[in-house]
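Going down the list, the sequences are from chains A and B. All the letters of the first sequence, read from the start, carry residue numbers 1 to 206 under my numbering. All the letters of the second sequence, read from the start, carry residue numbers 1 to 206 under my numbering.
If you're looking for bench data, these hints aren't it; they were derived computationally from the structure. Don't take each hint at face value.
Note that identical chains are pooled: a pair holds if it fits in a single copy or bridges any two copies.
[Said to hold, decoys possible] Calculated lysine to any residue pairs in the SDA-like style (CA-CA distance at most 20 Å, straight line):
no., residue 1, residue 2
1, 185, 157
2, 62, 101
3, 33, 121
4, 97, 79
5, 185, 159
6, 185, 156
7, 97, 75
8, 62, 32
9, 185, 155
10, 97, 114
11, 97, 76
12, 97, 146
13, 185, 158
14, 33, 118
15, 33, 114
16, 33, 120
17, 185, 104
18, 185, 161
19, 33, 117
20, 185, 160
21, 33, 15
There are 2 protein chains.
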Amino acid sequence: MAGDPQRTVRKRSRAGESRRAQLLELALTLFSKEGYQQTSLQDIATELGITRPLFYYYFGSKEELLHALIGHLGDTMLDQARPILRSQQPALVRLQKTFDMHIELLLDNTDAFRVYFAERDRMRSDGASDISGEAEYISLITDAVAAGQAGEGIRPGPPRVLALLALGLLNSTLRWYSPEGRLTKEELAPIASAMALRSLIIEDED
Amino acid sequence: MAGDPQRTVRKRSRAGESRRAQLLELALTLFSKEGYQQTSLQDIATELGITRPLFYYYFGSKEELLHALIGHLGDTMLDQARPILRSQQPALVRLQKTFDMHIELLLDNTDAFRVYFAERDRMRSDGASDISGEAEYISLITDAVAAGQAGEGIRPGPPRVLALLALGLLNSTLRWYSPEGRLTKEELAPIASAMALRSLIIEDED
Numbered sequence: 001m002a003g004d005p006q007r008t009v010r011k012r013s014r015a016g017e018s019r020r021a022q023l024l025e026l027a028l029t030l031f032s033k034e035g036y037q038q039t040s041l042q043d044i045a046t047e048l049g050i051t052r053p054l055f056y057y058y059f060g061s062k063e064e065l066l067h068a069l070i071g072h073l074g075d076t077m078l079d080q081a082r083p084i085l086r087s088q089q090p091a092l093v094r095l096q097k098t099f100d101m102h103i104e105l106l107l108d109n110t111d112a113f114r115v116y117f118a119e120r121d122r123m124r125s126d127g128a129s130d131i132s133g134e135a136e137y138i139s140l141i142t143d144a145v146a147a148g149q150a151g152e153g154i155r156p157g158p159p160r161v162l163a164l165l166a167l168g169l170l171n172s173t174l175r176w177y178s179p180e181g182r183l184t185k186e187e188l189a190p191i192a193s194a195m196a197l198r199s200l201i202i203e204d205e206d
Numbered sequence: 001m002a003g004d005p006q007r008t009v010r011k012r013s014r015a016g017e018s019r020r021a022q023l024l025e026l027a028l029t030l031f032s033k034e035g036y037q038q039t040s041l042q043d044i045a046t047e048l049g050i051t052r053p054l055f056y057y058y059f060g061s062k063e064e065l066l067h068a069l070i071g072h073l074g075d076t077m078l079d080q081a082r083p084i085l086r087s088q089q090p091a092l093v094r095l096q097k098t099f100d101m102h103i104e105l106l107l108d109n110t111d112a113f114r115v116y117f118a119e120r121d122r123m124r125s126d127g128a129s130d131i132s133g134e135a136e137y138i139s140l141i142t143d144a145v146a147a148g149q150a151g152e153g154i155r156p157g158p159p160r161v162l163a164l165l166a167l168g169l170l171n172s173t174l175r176w177y178s179p180e181g182r183l184t185k186e187e188l189a190p191i192a193s194a195m196a197l198r199s200l201i202i203e204d205e206d
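Here chain A stands alone, though its shape is the one from the complex:
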């Protein structure tokens, strides 16, 4: 889940990179628990066991640290979904595969997505335009929903609203799912994905 290290730092050694990756993981856990806004740069440095100058060496700023942690998530979703959603398969198949991918990625990276959903609106209003992978992602899903409304049994209604509600069911797992709990990812993922797809389909009339 580490971001692209090229973004902020150019001349670090291989050992420095691996140290930075460790620190990124610690920072992610911290933000996921305490919240990004509520955590000061000094809190982060203390928790990571580094000095403030070393923090600046590794991350540049608190904002750049956040970006390294979650800035790529929308794009990752988009990159994985694009070949699925642009394929020639029926819309319902494309949506099912996308939902499978979506819930898998979410449950594999719960900390990162929790921080992402808590902070993306603020990042967006701060002009961080490169978290916009999500907008294209939702728009591709909206297209598939609209396609499925023409003959594949997807319910009528604004396709973007339908897409947002089905994705909302998947994303809501972040509110309560814990990888340490009794329910495994392998149990939850297929239920959530099937329910999201099913929510889109109208009652059979036959």
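For this one, chain A is given, so just place chain B on it according to the hints.
Structure of chain B alone, referenced to chain A:
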């Protein structure tokens, strides 16, 4: 959406109560936009146009203010759902009526529920046990899901997980719905409620 004024303040005049209700509404808008944690008591006093002593007079503390704003929401849901979920109707009918009520209440009080979902976990860990209406609410819905698995076509799987996912679809509207937007509450509510119910039902085999 004002909380029970009896909770924190005992000897205020009628005019004082109505002034307090106005201030509660302003505070709710502020928390919904800026976040409760990020807003200092001084920020609140400034935004409300009152002095700090007057703030203490009206609300006691920042925590009591929060409680007056959102402490009752879980109980309100529960009070409305109890007669529906305990009735003798088929489980699917009880769930549909509950989802209709749930989405209606949510969309009528988006600011309050946004603050509620952002803060309830912290309130709970602070020992504010009287926001626990939500736990009983979810448990009643779980019972209805389990009942619907016995012969009414609700999909197999842990009933509590199914309940949380269906409710998650409804609650996800808070992430993007705006009462000022193009989509009206009257358009969104029936779509969301129908999708939540549909998500629970297995594919017909006949």
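Now for the hints, and whether the structure bears them out:
1. 185 - 157: between (32 Å within a copy, 14 Å between copies)
2. 62 - 101: neither (30 Å within a copy, 42 Å between copies)
3. 33 - 121: both (19 Å within a copy, 11 Å between copies)
4. 97 - 79: Result: close within a single copy only, 14 Å intra versus 40 Å inter.
5. 185 - 159: between (29 Å within a copy, 16 Å between copies)
6. 185 - 156: Result: close only across copies, 17 Å inter versus 32 Å intra.
7. 97 - 75: within (17 Å within a copy, 39 Å between copies)
8. 62 - 32: Within one copy only: 15 Å inside a chain, 24 Å across chains, cut-off 20 Å.
9. 185 - 155: So residue 185 and residue 155 pass the 20 Å test across copies only (18 Å; inside, 29 Å).
10. 97 - 114: Neither: 23 Å inside a copy, 31 Å across copies.
11. 97 - 76: Result: close within a single copy only, 15 Å intra versus 39 Å inter.
12. 97 - 146: within (16 Å within a copy, 28 Å between copies)
13. 185 - 158: between (31 Å within a copy, 13 Å between copies)
14. 33 - 118: Both. Shortest intra-copy (12 Å) and inter-copy (13 Å) distances satisfy the 20 Å Cα cut-off.
15. 33 - 114: For residue 33 and residue 114, the Cα distance is within 20 Å both inside one copy (9 Å) and across copies (19 Å).
16. 33 - 120: Classified as both: same-chain Cα gap 17 Å, cross-chain 14 Å, threshold 20 Å.
17. 185 - 104: Only inside one copy: residue 185 and residue 104 sit 8 Å apart there, 32 Å across copies, limit 20 Å.
18. 185 - 161: Answer is between; shortest inter-copy Cα gap is 12 Å, intra-copy 27 Å.
19. 33 - 117: For residue 33 and residue 117, the Cα distance is within 20 Å both inside one copy (13 Å) and across copies (15 Å).
20. 185 - 160: Cα proximity of residue 185 and residue 160: across copies only (16 Å, versus 28 Å in one copy).
21. 33 - 15: neither (28 Å within a copy, 42 Å between copies)
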